[in-house]
Amino acid sequence: MSLSVPSGKVWHLAAVADLARPASGEVAETARRHDSWVTRDRMDELFRHCADVGLSVEWAGLGHRRGEYWRRGDVVILNRRLTVAQAASTLAHEIGHHCWGDTCSTPANERRAWEYGAAWLISPAEYRAAEQLVGVNPAALALELGVTRRLVEAWRDWWLKRGQFLPLADLDADDADDTDGGVVGGGLADEGAI
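For the sequence shown, the working numbering begins at 59 and goes up steadily by one.
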């Protein structure tokens, strides 16, 4: 499968799949972190989501910027220097701009796009499991979840705004197969209210 981009270049999804993936049964805790195959699977999902919503993806040198969304042409440009975790977080954010119909960058649009990306990439069950494993530090959570710290913080903010404080037992029963990309507030596992 490939995605065509306006410049005529083609980005092949197989390039992500070709990255080394641990053999079945060999997945250690460290193999799940730091641009792991789990994050590359998320990239595959994001590329499919782009195709579903009519977005093309292109890689280019963007200097200090991680990504751009160009409404004209429906293209997302990602900085070729990004790690897989940075690329996943940035692409999810830029898809948010597309889905919300943003035409300019304002603080409200940026916040909303980060929250969209966070909700799309992280489920309540994933967040809860990560927080129980590594604690409440956003950087540690980002490493465990295969996203950026900024995405973890946006995720917490969005979840708190929604007023979603669920007991752990409710998450286990109701969100084990969560597919809506919900979010859980940070630091709440110790209080028993995720």
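Just so you know, the hints here were simulated from the structure itself, not pulled from any lab data. All residues carry an ideal CB built from backbone N, CA and C; glycine is no exception. Please note that the accuracy of each hint is not assured.
[Unchecked claim] So the derived label-pair ranges between C-beta atoms look like this:
(1) W128 to R220: 19 to 25 Å
(2) V192 to P165: 15 to 21 Å
(3) G193 to D110: 32 to 38 Å
(4) A187 to G121: 18 to 24 Å
(5) Q190 to W128: 20 to 26 Å
(6) D102 to P165: 14 to 20 Å
(7) N195 to E103: 23 to 29 Å
(8) N167 to H122: 17 to 23 Å
(9) T164 to G112: 20 to 26 Å
(10) D102 to C162: 29 to 35 Å
(11) H122 to A197: 37 to 43 Å
(12) S163 to E103: 31 to 37 Å
(13) W158 to V194: 27 to 33 Å
(14) N167 to R207: 19 to 25 Å
Okay, the hints, checked on the actual structure:
1. W128 to R220: 19 to 25 Å: violated, 30 Å
2. V192 to P165: 15 to 21 Å: With a Cβ separation near 30 Å, V192 and P165 fall outside 15 to 21 Å, so the hint is violated.
3. G193 to D110: 32 to 38 Å: holds, 35 Å
4. A187 to G121: 18 to 24 Å: Roughly 36 Å apart at Cβ, these two residues miss the hinted range, so it is violated.
5. Q190 to W128: 20 to 26 Å: violated, 40 Å
6. D102 to P165: 14 to 20 Å: With a Cβ separation near 31 Å, D102 and P165 fall outside 14 to 20 Å, so the hint is violated.
7. N195 to E103: 23 to 29 Å: With a Cβ separation near 26 Å, N195 and E103 satisfy 23 to 29 Å, so the hint holds.
8. N167 to H122: 17 to 23 Å: holds, 20 Å
9. T164 to G112: 20 to 26 Å: holds, 23 Å
10. D102 to C162: 29 to 35 Å: Given about 30 Å between the Cβ atoms, the range holds.
11. H122 to A197: 37 to 43 Å: violated, 20 Å
12. S163 to E103: 31 to 37 Å: violated, 25 Å
13. W158 to V194: 27 to 33 Å: Once the Cβ atoms are compared, 29 Å apart, the range 27 to 33 Å for V194 and W158 holds.
14. N167 to R207: 19 to 25 Å: holds, 20 Å
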